Amino acid sequence: MYSGTTLRKGSGKLVGAHQKIDRIARRRASGYLANDKFPSIKDILHFEGKNGPDGIKLKSPTVDEYEHVIDPNDSSDRLLIDIINDHIHNLATALSEDNYERAAFESAWLAHAVVDGLTPPHHYKLDESQVNWLATNKTINAIKRDYLSGEPNKKLGFLEKWGSWGSGGVVPHVLFELGVASAITPGGKKGSEITSADIKRLKKYGFEAVYLDMVRNVYDMKLYKKFLEKGWTRGLAKKARDVLVPTMVRAVALAWCQADILAKGTGK
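Each residue of the sequence shown is one higher than the last, beginning at 1 in the numbering used here.
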């Protein structure tokens with residue numbers, strides 16, 4: 001998922017999709033975190049942008065980078081799930097040891113992985129040639145720059161213009177993510193809240209089971225398939241704003257709550 005520019009000083013201040021989602025999720029989780037020293041959103045966002053997974057990819061493209069891709073139809077595809085579980089474990093350990101800086105790092109990278117797994121293009125793996133092209137081709141940065149410099153009311157038109165490129169691969173992948181980023185409202189949409197029932201379910205089944213249900217539900221909406229067929233339509237934008245983004249926010253909030261539960265033994 002697109003996380004804003006990663007090339008500027010002050011990581012996370014130019015807010016992209018991950019940063020927007022993290023801000024809303026931190027507010028949603030606040031009433032359910034037993035640990036009053038859970039990292040602030042300011043400190044979490046320090047480890048996004050140039051200090052996050054996307055920043056690492058720019059510094060060393062295709063070298064030892066996380067593969068935040070998951071096939072919802074393949075139960076044996078556990079790479080991303082294992083990454084998420086590791087971050088939850090590490091965050092819980094950091095919280096229990098009052099290691100604030102490590103907790104902020106793990107919170108950010110956990111959230112990044114969770115959101116990527118719910119991003120429809122991440123349900124389809126690129127082949128090796130596409131991965132190499134994505135890592136080295138400057139056209140992607142040009143597209144992002146042109147998109148970000150446009151007026152807000154021109155963003156949808158930009159996506160409609162560029163969204164017809166190809167039937168798959170790298171450019172549509174990036175354009176879809178830019179579209180999701182533009183669909184996020186600062187205050188968060190209705191449906192992004194978490195409840196005490198969510199926490200009870202989390203304690204009963206664990207985050208992995210809850211998260212995989214979310215991944216399958218997003219996949220079943222076929223948002224990326226519709227995007228490849230018709231481009232970024234207003235109907236698709238509404239579905240992203242009203243369903244996809246709230247799901248991402250809830251997933252991040254619940255992932256943080258899971259680590260908090262493991263650290264303290266109980267949640268609020």
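In short, the hints are calculated from the structure, not lab data. Hints may contain errors.
Stated by the list, open to error - With a cut-off of at most 25 Å between alpha-carbon atoms, the simulated DSS-like pairs for lysine-lysine come out as follows:
#, residue 1, residue 2
1, K264, K125
2, K204, K222
3, K42, K225
4, K238, K190
5, K189, K264
6, K200, K264
7, K200, K222
8, K189, K125
9, K203, K264
10, K190, K239
11, K200, K125
12, K238, K225
13, K37, K239
To be verified - Across the chosen pairs, the derived CB separations fall in these ranges:
#, residue 1, residue 2, range
14, L79, M221, 31 to 41 Å
15, S40, S96, 16 to 26 Å
16, R234, S96, 41 to 51 Å
What you are looking at is a predicted structure, and each value in this text was computed from that prediction instead of being measured. Backbone N, C-alpha and C fix where the C-beta goes; we use that ideal spot for every residue, glycine too.
Right, here's what the structure says about each hint:
Straight-line distance between C-alpha atoms of K264 and K125 comes to about 37 Å, which puts the hinted pair past the 25 Å bound. As the CA atoms of K204 and K222 are separated by approximately 29 Å, the hinted pair breaks the 25 Å bound. For the proposed pair K42 and K225, the alpha carbon gap of about 36 Å is over 25 Å, so the pair is violated. Distance restraint check for K238 and K190: the Cα-Cα separation of roughly 13 Å lies within the 25 Å cut-off, and the hinted pair is therefore satisfied.
Among the hinted pairs, K189 with K264 is inconsistent with the structure: their alpha-carbon atoms are about 30 Å apart, more than 25 Å. Restraint check for K200 and K264: the C-alpha separation of about 15 Å stays at or below 25 Å, so the hint holds. For the hint linking K200 to K222, the alpha-carbon distance of about 29 Å lies beyond 25 Å, and the restraint is violated. Proposed proximity of K189 and K125 is contradicted: the alpha carbons are some 30 Å apart, above 25 Å.
For the hint pairing K203 with K264, the CA-to-CA distance comes to about 12 Å; that is within 25 Å, so the pair holds. The suggested pairing of K190 with K239 holds, with an alpha-carbon distance near 13 Å, which does not exceed 25 Å. Between K200 and K125, the direct Cα distance comes to roughly 34 Å. Violation of the 25 Å bound is thereby established for this hinted pair. Taken as a hint, the K238 and K225 pair is honoured in the structure, with Cα atoms around 16 Å apart against an allowance of 25 Å.
Taken as a hint, the K37 and K239 pair is broken in the structure, with Cα atoms around 35 Å apart against an allowance of 25 Å. Our hint of 31 to 41 Å for L79 and M221 is violated, since their Cβ atoms are close to 23 Å apart. Checking the proposed 16 to 26 Å range against S40 and S96 shows it holds: the Cβ atoms sit about 18 Å from each other. Checking the proposed 41 to 51 Å range against R234 and S96 shows it holds: the Cβ atoms sit about 47 Å from each other.
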